[in-house]
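Final position of the sequence shown in this note's numbering is 576; the numbers increase by one with none missing.
Check the hints yourself; a few may be wrong.
Here are the computed lysine-lysine pairs in the DSS-like style, where the Cα-Cα straight-line distance is at most 30 Å [to be verified]:
(1) LYS179 x LYS81
(2) LYS371 x LYS437
(3) LYS81 x LYS245
(4) LYS245 x LYS222
(5) LYS320 x LYS350
(6) LYS506 x LYS307
(7) LYS506 x LYS81
(8) LYS176 x LYS154
(9) LYS532 x LYS245
(10) LYS269 x LYS350
(11) LYS245 x LYS230
(12) LYS444 x LYS320
(13) LYS532 x LYS571
(14) LYS231 x LYS320
(15) LYS230 x LYS179
(16) LYS222 x LYS269
(17) LYS307 x LYS364
(18) LYS437 x LYS367
(19) LYS75 x LYS320
(20) LYS75 x LYS176
(21) LYS364 x LYS245
(22) LYS295 x LYS307
(23) LYS230 x LYS560
(24) LYS245 x LYS154
(25) LYS442 x LYS380
(26) LYS423 x LYS486
(27) LYS560 x LYS320
(28) LYS380 x LYS245
(29) LYS179 x LYS161
(30) LYS364 x LYS380
(31) LYS560 x LYS236
(32) LYS295 x LYS380
(33) LYS560 x LYS506
(34) LYS444 x LYS486
(35) LYS236 x LYS154
(36) LYS486 x LYS245
(37) LYS423 x LYS380
(38) LYS269 x LYS295
(39) LYS426 x LYS380
(40) LYS245 x LYS179
Derived by calculation from the structure, the hints in this document are not laboratory data.
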Amino acid sequence: MSKSSRINKSAQKKQSTLMYIGIGAAVVAAGAGGAYFYFAQRSQATKGILGAAAVIPQEAQVVMAFNTKSEPWNKLAQFGTPASQKLLGEGITKSPLNSLLVQSKTEYSRDVQPWLEGYIMTALVPNAAQPQAPAATLVIAPTRDRSKSEAFLSKYREALTQQGARFSPKQYKDVTYYESPTRDPNNSVVTADIGGQYVAIATSPNLIQQAIDTYKGSNPSLAKKPIFAKIYGSANQTKIAEPLLQVYLDGQVALEFIGSQAKLNLNESAITQSRRELDAMTLTGGTQKEGLRFEINTYLKNDNSNPLVNNEAKVLNLLPQETFLLVSGVNLYQSWQSLVAQAKGNASSSQLIDQIRKGVKDATKLDLDQDILKWMNGEFAIAAIPNNQGILVSPGFGFVAIAQASDQNAAQTALDKIDKAAQSSSGLLPKGVELKQKQIGDKSVVTWAIANTNVATRGTLDNNFVFWSMGDLADTFVPKPANSLPASSPFQILTTGLPKSNGGYFYLNMTTALTLADRLLPPEVKSNPNFTEVRAVLDAINGIAVTSTNVDSKTTRLDFLFTLKPTPGN
7 MSKSSRINKS AQKKQSTLMY IGIGAAVVAA GAGGAYFYFA QRSQATKGIL GAAAVIPQEA
67 QVVMAFNTKS EPWNKLAQFG TPASQKLLGE GITKSPLNSL LVQSKTEYSR DVQPWLEGYI
127 MTALVPNAAQ PQAPAATLVI APTRDRSKSE AFLSKYREAL TQQGARFSPK QYKDVTYYES
187 PTRDPNNSVV TADIGGQYVA IATSPNLIQQ AIDTYKGSNP SLAKKPIFAK IYGSANQTKI
247 AEPLLQVYLD GQVALEFIGS QAKLNLNESA ITQSRRELDA MTLTGGTQKE GLRFEINTYL
307 KNDNSNPLVN NEAKVLNLLP QETFLLVSGV NLYQSWQSLV AQAKGNASSS QLIDQIRKGV
367 KDATKLDLDQ DILKWMNGEF AIAAIPNNQG ILVSPGFGFV AIAQASDQNA AQTALDKIDK
427 AAQSSSGLLP KGVELKQKQI GDKSVVTWAI ANTNVATRGT LDNNFVFWSM GDLADTFVPK
487 PANSLPASSP FQILTTGLPK SNGGYFYLNM TTALTLADRL LPPEVKSNPN FTEVRAVLDA
547 INGIAVTSTN VDSKTTRLDF LFTLKPTPGN
């Protein structure tokens with residue numbers, strides 16, 4: 007059985023155990039705004055994640071953590087529209103976790119807050135003695151008052167006993183733990199006080215014993231694992247001031263775990279490659295003044311021999327401030343080559359790449375790799391810009407593609423061939439396309455015209471950039487926009503705190519996008535209840551920005567910023 011299958015099996019097996027283990031995890035965490043799983047440590051001088059990881063077995067493959075302080079979570083109440091806040095409240099009220107809290111008959115302020123210190127955490131740990139068995143779950147919460155945390159555990163067990171649990175005390179070394187069977191023969195519900203420092207709840211007595219051994223130092227801890235220690239021992243591990251959430255994925259299971267959560271059927275060659283190359287992945291989430299901030303870091307085992315270069319994108323200066331959607335980056339040719347290399351050994355991926363190549367060949371008579379992409383090793387951007395002229399009157403916007411050409415002759419040859427393909431009756435456009443010269447400022451461009459209507463424009467810009475755009479959209483950025491995108495207030499706000507030197511942007515001005523969506527979507531879609539709920543969430547978002555950055559030769563990072571509208575009154 008593959009690790010991916012074991013992960014899925016583990017999730018299925020735990021469903022009947024959730025009534026037990028979920029109550030404990032939820033009750034402990036709920037007072038800070040949800041289910042929190044994070045790290046803390048009182049028995050050592052070291053605090054935070056590394057201190058808490060001293061009690062987690064080194065075999066842990068998935069670690070999820072949430073800050074339990076109420077202050078950073080309270081900041082979430084500063085964002086959102088009344089509709090989105092109401093939707094969020096209804097979701098929490100109807101959630102299984104809230105139901106479990108009610109069943110447990112415990113209250114955070116009364117039963118948890120008096121003893122909980124700092125953070126709590128959960129870890130998914132495989133069974134070393136039985137590798138084929140589902141992984142077990144361990145929840146750890148630090149305590150500053152042993153008598154009060156023991157009282158909580160007693161009340162927790164009493165609540166489960168009323169629901170059918172049968173706890174019996176067991177002794178391991180000098181620690182007493184309590185174990186009850188569940189309806190799932192593969193899982194138990196186990197509680198323990200470890201050294202008066204931690205409240206522990208697990209789905210396996212063996213895992214509780216491992217945690218005890220780890221706490222005592224006879225079992226290697228996650229804190230001593232080189233990659234884990236490197237990540238969480240670094241003062242610059244995150245740019246988020248006080249993270250709400252942190253997730254650690256071991257490289258052996260990272261890709262398949264993500265695939266299982268997203269219900270993706272990943273191919274084995276991709277999984278095998280990720281195990282060979284990936285050391286770990288982490289996710290960190292929190293708030294900043296503008297909204298929600300997330301970071302996803304990928305750590306390789308070996309140096310990346312051919313990393314993409316970070317730079318302050320010149321291509322953005324070629325776009326007008328009205329641009330509401332942007333995807334940019336560096337070196338399309340290198341990225342394409344990487345995709346081709348990764349597809350080797352996977353029939354479906356190779357077939358898809360061949361189909362793309364064939365589609366380009368049939369439409370333009372050009373070789374995608376050699377004629378088009380080979381000279382695209384500089385910056386590039388694909389952007390959407392509002393426009394109500396010519397053929398863009400109906401949609402209200404158009405697209406432009408811009409690429410920096412390392413070989414101007416090759417670029418010009420490719421564009422000439424694409425022009426001819428546009429004129430062909432078997433091309434992508436209706437028959438009758440005429441090529442016409444047009445002067446915009448000091449730039450001479452080529453338009454694709456049908457009758458007297460321009461359907462597209464292409465040409466060259468400064469710094470060896472070439473472009474293709476829809477309709478007369480070129481009039482908004484050729485020869486150079488009066489006000490460029492990076493200088494605009496929306497772009498500056500929506501990218502606040504993100505790295506300026508990076509490997510590429512994704513940028514979406516949600517306010518403009520929703521205005522256009524209202525114009526284009528038919529009434530039956532907008533009146534659909536599902537769309538209404540989605541729209542309530544989208545209405546709370548001013549925009550989304552993402553950057554990709556090479557941190558060092560082994561580390562890449564994606565930074566996400568969801569800029570949110572302030573709640574009325576804030």
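Evaluation of the provided hints:
no., hint, verdict
1, LYS179 x LYS81, "violated, 44 Å"
2, LYS371 x LYS437, "holds, 17 Å"
3, LYS81 x LYS245, "holds, 17 Å"
4, LYS245 x LYS222, "violated, 33 Å"
5, LYS320 x LYS350, "violated, 34 Å"
6, LYS506 x LYS307, "holds, 27 Å"
7, LYS506 x LYS81, "holds, 26 Å"
8, LYS176 x LYS154, "holds, 21 Å"
9, LYS532 x LYS245, "violated, 38 Å"
10, LYS269 x LYS350, "holds, 23 Å"
11, LYS245 x LYS230, "holds, 24 Å"
12, LYS444 x LYS320, "holds, 25 Å"
13, LYS532 x LYS571, "holds, 22 Å"
14, LYS231 x LYS320, "violated, 41 Å"
15, LYS230 x LYS179, "holds, 23 Å"
16, LYS222 x LYS269, "violated, 39 Å"
17, LYS307 x LYS364, "violated, 36 Å"
18, LYS437 x LYS367, "holds, 19 Å"
19, LYS75 x LYS320, "violated, 42 Å"
20, LYS75 x LYS176, "violated, 33 Å"
21, LYS364 x LYS245, "violated, 44 Å"
22, LYS295 x LYS307, "violated, 35 Å"
23, LYS230 x LYS560, "holds, 20 Å"
24, LYS245 x LYS154, "violated, 35 Å"
25, LYS442 x LYS380, "holds, 27 Å"
26, LYS423 x LYS486, "holds, 26 Å"
27, LYS560 x LYS320, "holds, 26 Å"
28, LYS380 x LYS245, "violated, 36 Å"
29, LYS179 x LYS161, "holds, 25 Å"
30, LYS364 x LYS380, "holds, 17 Å"
31, LYS560 x LYS236, "holds, 12 Å"
32, LYS295 x LYS380, "violated, 42 Å"
33, LYS560 x LYS506, "holds, 20 Å"
34, LYS444 x LYS486, "holds, 16 Å"
35, LYS236 x LYS154, "violated, 35 Å"
36, LYS486 x LYS245, "violated, 35 Å"
37, LYS423 x LYS380, "holds, 15 Å"
38, LYS269 x LYS295, "violated, 34 Å"
39, LYS426 x LYS380, "holds, 20 Å"
40, LYS245 x LYS179, "violated, 42 Å"
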